[in-house]
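Note that the protein sequences, when read in sequence, are chains U and R. Taking our numbering, I'd label the letters of the first sequence as residues 1 to 285. Taking our numbering, I'd label the letters of the second sequence as residues 1 to 312.
These are computed hints drawn from the structure, not numbers from a lab. A portion of the hints provided could be inaccurate.
A short list of chain R residues far from chain U (calculated; beta carbon distances all over 10 Å) [unchecked claim]:
hint, residue
1, P87
2, D89
3, G134
4, N177
5, D219
6, T225
7, E278
8, Y280
Some chain U residues close to chain R (C-beta under 10 Å, calculated; not the full set) [to be verified]:
hint, residue
9, K8
10, D13
11, R16
12, S17
13, L89
14, Q90
15, L92
16, G94
17, H97
18, R99
19, Q245
20, V271
21, L273
22, L275
23, V283
Predicted, not measured: the structure shown is a model, and the values here were computed from it. The beta carbon of each residue, even a glycine, is placed where N, CA and C say it ideally should be.
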Amino acid sequence: MSAIVVAKKDFRDAVRSRVLLALTGLFALFTVGGAFLASRLSALFEEGGAESTLDLILALQTPAGFLVPIIALFVGYGAIAGERESGSLQSLLGLPHRRRDVVLGKVLGRTGVVAVSILVGFTVGLLGLVAFVGSVSLVDYIAFTLVTVLFGFVYVCLGVGLSAMTQSTTRAAVGAVGLVVVLWFAWSVLAQALLFVIEGTVIPETIPGWYIVMNSVTPDAAYGSAIAAVLGAGQFTASSAYEAQGLLDGSVPIVAEPWFGFVLLALWALVPLALGLWRFDRVDL
Amino acid sequence: MPSIDISDVTKRYGTDTALEGLDLTVERGETYGFLGPNGAGKSTTINLVLDFIRPTSGEVRVFDLDAQANALEIRKRTGILPEGVEPYDRLTGRQHVAFAIESKEADDDPDDLIERVGLSADAADKKAGGYSKGMTQRLMLATALVGEPDLLILDEPSTGLDPNGARRMREIIREENDRGATVFFSSHVLGQVEAVCDRVGILRDGHLIAEDTIEGLRDTMPDQTRLRVTLDRVPEDSTAALEAVESIDGVASVTPEGRTLVVACEDRAKTTVLHTIEEYGVTVEDFATDESSLEDLFVAYTSDATPAEVAQ
């Protein structure tokens with residue numbers, strides 16, 4: 001398999017990046033910090049047992065939801081554009097690899113790199129949890145870790161997809177930053193604005209279904225939904241807060257259902273990847 | 001069956017024309033030197049052959065296969081040394097070669113190839129990010145040689161090589177050609193091509209303006225000679241003397257430089273020139289000739305003069 005050969009080479013090359021090492025260190029710091037804070041908070045409220053593992057995971061989801069996309073985009077944005085810039089793409093494609101094998105190999109290799117980074121961060125986080133809390137549900141923790149790796153894969157696809165569509169690393173980087181701005185800020189501002197325009201207020205008495213849908217479709221919300229599905233705990237979805245307060249207008253839209261998180265994650269991975277493949281296959285190098 | 005067959009290929013980028021109606025054939029088993037100044041379209045041509053870019057019109061065939069549709073099959077049988085490529089900084093030289101071997105499903109020994117291109121085993125264990133330009137070029141040549149390719153495409157292979165490296169490169173090109181490989185290599189320096197090539201094509205502004213064997217190219221040159229004649233003194237009637245020499249059949253130009261006359265003429269006019277000068281009462285103290293080299297022809301071809309002017 002040509003893509004596997006490329007992936008192996010790419011993993012070896014990318015995993016040695018110093019910036020990646022720094023980001024992984026930062027990630028480990030955040031997970032351990034999150035574990036510490038969460039243990040303090042749960043100690044205050046004097047709750048223990050299985051519930052606290054969920055609380056702790058909830059505490060780790062925040063740094064993961066923030067740093068995994070950054071790590072994955074950093075690892076992904078230069079994957080193709082960088083090789084194009086340095087000219088090494090010509091020696092890579094001079095070997096018998098199809099262009100799509102190169103893109104797929106890059107996605108696999110860089111997902112491997114991100115997975116290593118996540119595993120390091122979460123292992124450190126786990127050690128922190130054991131130290132601060134004492135007992136952790138290992139099954140839940142492993143499930144959480146696997147969903148996070150999937151989440152990393154989604155952002156690698158976004159990054160590599162962008163990288164395959166652009167001529168230079170500068171453009172790919174601008175695209176990656178733009179993506180973060182849109183997904184993390186602009187999208188929720190837009191949802192708020194629409195809510196105001198349609199409902200006449202930003203705090204309506206019941207939340208309309210479309211607003212829940214809008215808040216559920218970003219990769220980050222889908223990540224929360226997927227965690228909720230795996231752990232069987234509703235508080236990770238975007239709609240959970242409204243649901244708990246009885247603010248929902250009707251039932252939970254299907255898009256906001258926990259299991260639908262996996263569908264959304266798949267779409268967020270495959271659509272940009274397909275666009276990148278399509279574009280890269282046709283372009284003059 | 002030719003190894004490379006480019007017929008009537010045009011490549012445009014927007015309004016810029018990189019190649020126009022290019023016809024080029026590289027026969028199986030030959031070493032073809034692809035010459036031209038920088039920016040003439042050499043890399044564009046190579047990129048078309050490798051399907052890195054697609055022609056605006058025309059057809060590119062390699063091993064009688066369509067360059068676009070059969071790119072993978074073609075690359076399995078081709079070794080490529082692209083121009084000015086940076087290696088993967090964080091992989092060692094040996095890892096580069098091993099990757100090429102794995103990609104080509106070949107059974108070469110990386111160490112043999114590394115030794116063959118003159119890269120030390122020590123250097124091969126170091127990360128390629130720290131390589132000099134010459135070391136990178138040797139490394140890339142090693143990866144190009146993987147799997148005994150039927151066709152070797154070398155784009156400006158001597159870039160960054162010291163004289164020893166350039167000699168090694170020429171030896172390897174000869175060895176590969178003896179093995180049966182077709183070699184297609186581009187250069188903007190004639191000297192590198194002259195020594196190893198069976199045939200030479202000269203590209204300028206996207207057109208192939210000359211294509212022949214080295215001997216053939218020499219033959220298209222008229223036997224121009226530059227004759228430097230040193231006299232004991234300037235002749236009294238120097239104007240008449242100059243006119244007399246200029247009027248000799250076969251003399252192209254006469255330039256006085258003090259007591260020396262520089263005469264560009266055909267070989268057959270040499271003795272007449274000397275006799276004519278002596279008729280003006282001066283003695284020829286010394287004379288020298290230098291034959292114009294193929295380099296002059298190349299420079300003439302690739303500078304602003306049109307080929308027609310050069311041939312005259």
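Each hint tested on the structure:
1. P87: 7 Å, violated
2. D89: 8 Å, violated
3. G134: 17 Å, holds
4. N177: 20 Å, holds
5. D219: 37 Å, holds
6. T225: 45 Å, holds
7. E278: E278(R) is indeed farther than 10 Å from all Cβ atoms of chain U, at 63 Å.
8. Y280: 63 Å, holds
9. K8: 8 Å, holds
10. D13: 5 Å, holds
11. R16: Because about 4 Å separates R16(U) from the closest Cβ in chain R, which is inside the 10 Å limit, the hint holds.
12. S17: Since the shortest Cβ distance to chain R is 7 Å, the answer is holds.
13. L89: 8 Å, holds
14. Q90: OK, holds: Q90(U) within 10 Å of chain R, min 4 Å.
15. L92: 9 Å, holds
16. G94: Because about 4 Å separates G94(U) from the closest Cβ in chain R, which is inside the 10 Å limit, the hint holds.
17. H97: 6 Å, holds
18. R99: Since the shortest Cβ distance to chain R is 9 Å, the answer is holds.
19. Q245: 52 Å, violated
20. V271: With Cβ-Cβ at 26 Å, over 10 Å, it is violated.
21. L273: 21 Å, violated
22. L275: It is violated, given that the least Cβ distance between L275(U) and chain R is near 20 Å, above 10 Å.
23. V283: 9 Å, holds
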